[in-house]
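Undergrad: This is what each chain is made of:
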Amino acid sequence: MGQFILRRVGLMLITSICLTFIVFFLTNLFPNLEKLAKTQGNFRMSEAEVTSFLEDRGYLQPLPIKYGQWLGVLPGYVIEGKDGTIRGKCIKPGMQAEDAATFCGVLQGDWGYSTVFKDDIGKLVLIRLSLTGKLMFWVMILMIPSALIIGILAGMREGSRTDRTLSTFSITTTATPEYVSGVIFIAVFSSTAFGLKWFKGTATKAMEDANFENFFLPVLTIALYGMGYIARMTRASMAEVMTAQYIRTARLKGVSFGNIVVKHALRNALIAPFTVIMLQFPWLLNGVVIVETLFNYKGFGWVLVQAAGNNDVELLLAVSAVSVVVVLLTQLISDIGYVYLNPRISVS
Amino acid sequence: MEALTWAEILSRMFYQLIPVWIALIATFSISIYYKRNLGLYGKLFDSPIGMIGFGIVLFWAYVGFFAGAFDMISTHDPLSQVSGMKNKVPGTPFRGAEEGDYAFYLLGGDHLARDVFSRVMDGASIIIVIAPLATLFAFMVGITLGLPAGYYGGKLDTLLSFVANLILAFPVILLFYLLVTPEIRMTGLPQYMAIFLFSFPILFFAVLINTRFYIEPKKRNILMIIIVGLLGYLYLSLINEPGSKVTIFNTIDGFDVPGGLLTVFVSVVFVNSPTVFRIVRGLTLDIKTRDYVSAAQTRGEGAWYIMLWEILPNARGPLIVDFCLRIGYTTILLGTLGFFGLGLDPESPNWGATINEGRKLLSIYPHPALPPAFALLSLVLGLNLLADGLREESLKD
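Residue numbers (the working numbering), protein chains in the order written: chain C, 900 to 1247; chain H, 20 to 416.
Since the hints were made in silico from the structure, they are not lab data. Quick caveat: nothing in here was measured; it's all calculated off a predicted structure. Accuracy of the hints is not assured; some may be wrong.
To list a few chain H residues with every Cβ distance to chain C over 10 Å, as calculated [stated by the list, open to error]:
1) T24
2) W25
3) T94
4) A132
5) K237
6) G347
Taking lysine to any residue and the SDA-like style, the derived pairs with C-alpha atoms no more than 20 Å apart in a straight line are [said to hold, decoys possible]:
7) C/K937 <-> H/K379
8) H/K379 <-> C/S1090
9) H/K307 <-> H/L280
Idealized CB from N, CA, C, for every residue including glycine.
Whenever a hint applies, use it, and build me the whole structure from the sequences.
TA: Below is the structure:
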C-alpha cells in the first residue's frame, strides 16, 4: 500500500509540473504579455515601450529559465532597467536590492505578487480558498445525504413508480447546468417580477455573514447539478445489490424489507457512489467558478475568472496549481478509499 | 394596440412553430409505422422515455433547421435593436410596426431592445450544428487513439493515458480562459491545434478503407481518392484562414469559418476527446479478450483490421449512448463559453451569451434570461432521456 501511494504521489508531482508548465507557456505567449504590459502601464504604449517594460520586469527571459525561477530552482532575476531602477523577482516593493533572497519561488513558499489585486498571492489564495471551502462544505452537507437517499429509495424497488419519479428528477438535475438553474432560481425566488422575495440574489454579504437567506441559493445551485449524477450511480449500484443472491436468501429467511435494505444491502451499495463522490470534485470546481460569478461571491472561482481575464500570470499559475492538486488528491483518495471499502480489490 | 395575454402568446408561438409540428408528426408517424424494420432506431419507439427524449431533441433540431436554413420560425431579426422595446415584457406590441412586420415581441425585448423569441429560435440553429459536429470530431480523435492504446497496451498506452489524464486534470473553465482569448488566436495556436486534431478523421477513414479493401486495390484506390480527397479539401479549407498564421492554402480555401468559431470548436473537441479516449480504451481492453478477436488473429488479420472491423462494431452500443450524452455535455460547455463571454461573438444569439446578458438585470426583468435557459435545459434533458432510452433498448437483447 505504501508503495502504491508513493507511486501515485510521484505521478501527481509530474502531472502538476507538466500542467503548470503548460499554463506558464500559454500565459507567457507574446500577445498575452503585451496585453499585460498595456493594462499595467498604459494603453497607448508604443511597441518599443512595451518591449522595454517587459524586459525590465524579466518577462522576456527564455521560458525554461522563467519557469525555473517561478519554481524556485533557479535564482530570481535581477535586472537594471533602462530607467535606472533595479528590479528583481525577489525584490518586493519597498525593499533594498541587497536584502533580497537569491531564490524565491514556489519551493520557498513564495507564490509571487498579483498584478490585479496588488497583494501577496499566497495570502490572497488562502483567504479565497477558505471562502470557497465554506461554500463547498455546505454543498457537501446538502448534496451527499440527499443524493444517497434519492438513489437508495429509487434503487430499492427497481421499476416502481417511486423509482421512475426519482430517476426523472435526477436526470433533470444532471441536465441543468449551474448557469441555467442559478438564473432560474434567482428569477423565481429573488426577483420583483415573480414577487417571491424569499432569498437574496447575490451572496456578496455571505462572505462575512452567511445565513440561510443569502447563502442557500448558491449552495443549492451547485449541489443540484452534482446530486443527480451521484443519485443515479447509487441507484444503479443499489439495484444491482438488490438482485444479489444473499438478498434473496435474507428475504426467504423472513427478514423484513427495511432490515434487508439497511443491514444487508446498504454497505455494499455505497462502494461505487463513494468513488463517484470523490471524482465529482473536479466538476464541482467548475460549478464553483460559475456560481461564484453568478452570485458575486468572491471566492476561489471568482479569483480564477479575474486572474484569467486580466492575464495575471503568477496568480493564474497559483490558481491552476491549487486546482490541479485538488483534483489529483481527490483521485488518490478515491482510489485508496475504494480499496479499503471493497475487499475484492487489492492494489497489486 | 393591446398587449397580449399569456394564452394569446402561447397560441401565437404555437402557430409560429407550425412547420416544426408538421415535421415532427411526419417523422414520428413514419418511424412508428416502420419501426420493426429500423433496427435500434426503431426500437427507440418502444420505450416511452426514449420517445420523449427523441421528441425534444428532434423539436430543437427542426427549430434550428427551419430557423437557420429557411428563416421561418423567428418573427424579427435577432440582431436588430428597436427603440422603445427595451426590457419590454412578453406580448408587448411592436412599436412603429409597418406593413410586413410582426406586430408583437412574443417573449419581450432584452436590454438592447432585441426580440427574445427570435434570439432563442435562431440560437437553436447554432447549437444543433456545432454541438453534434464537435462531438463527432472528439469521437474520431478518441477512437483513433483509444483503439491502439487498448489493443497494443504497453508504452503507447501509458503515454496516451498520461496525456489524457493530464488534460482531464485541468479545470475546464481555466482551459477555456487560456485557449479562447483574442490574444491566443493571434498567436495561431488554435489553428495549429486544429491541424493536429482535425487530421484524425482523415486518418481514421483512410485506415478504415485500406484495412477493408486492401485485397481489392482498384476499389480501394477509387474509394480512397474520393473520400480522402473530399475530407482533405474540407480539412484544408477549415484550417486555412486568410489574414492569420495559416495562409499557405489560400488558393484552394473553399470557405471561411468566422473568427472565434474555430477556436471554440477546437477547444470543445480538445476537452471532450480524452474522455472518449478513456471509454474506447476501456471497451477495447474488454472486447479484445473475446473469442472472435482470437479467431481473427488466428486467421492472420492485421491489427488495424481487427480494431476497426472487429472491435469497434462490437463497442457501438455504449458508444452510441455516450455520443448522445456527450452532445448534451458539449451543449452545456458551449453555453458555459457563452456565459463567460468567450469565443463566439457576444452579439450572436447563442443561448449561453443570451443568458449571460439577461442575468445582469435578472432581479428586475427576468424574462430575457429565462427562455434561453429553459431552451438549453430542455435540449440537454432530451438528449439525456434519449441516451437512457437507447441504453435500455440496447440492453434488452
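Undergrad: Can the restraint linking H/K379 and C/S1090 be considered satisfied, given a maximum Cα separation of 20 Å?
TA: holds (12 Å)
Undergrad: Was H/G347 rightly flagged as not at the interface, with every chain C Cβ beyond 10 Å?
TA: violated (7 Å)
Undergrad: The output says H/T94 does not contact chain C. Does that hold with a beta carbon cutoff of 10 Å?
TA: holds (23 Å)
Undergrad: Taking only the CA atoms, is the gap from H/K307 to H/L280 under or equal to 20 Å?
TA: Judged against 20 Å, a Cα distance of about 39 Å means the pair is violated.
Undergrad: Tell me if the straight-line CA distance from C/K937 to H/K379 falls inside 20 Å.
TA: It is violated: about 28 Å lies between the C-alpha atoms, which goes past 20 Å.
Undergrad: Quick check for students: does the CB of H/A132 sit more than 10 Å from each CB in chain C?
TA: Holds, because the least Cβ-Cβ distance between H/A132 and chain C comes to about 18 Å, which exceeds 10 Å.
Undergrad: Once the closest CB in chain C is found, is it more than 10 Å from H/W25?
TA: holds (14 Å)
Undergrad: Verify this label for me: H/T24 is non-interface relative to chain C, using a Cβ-Cβ cutoff of 10 Å.
TA: holds (17 Å)
Undergrad: H/K237 clear of chain C by more than 10 Å, beta carbon to beta carbon?
TA: holds (47 Å)
Comparing the model with each earlier hint shows violations of hints 6, 7, 9; every other hint is respected.
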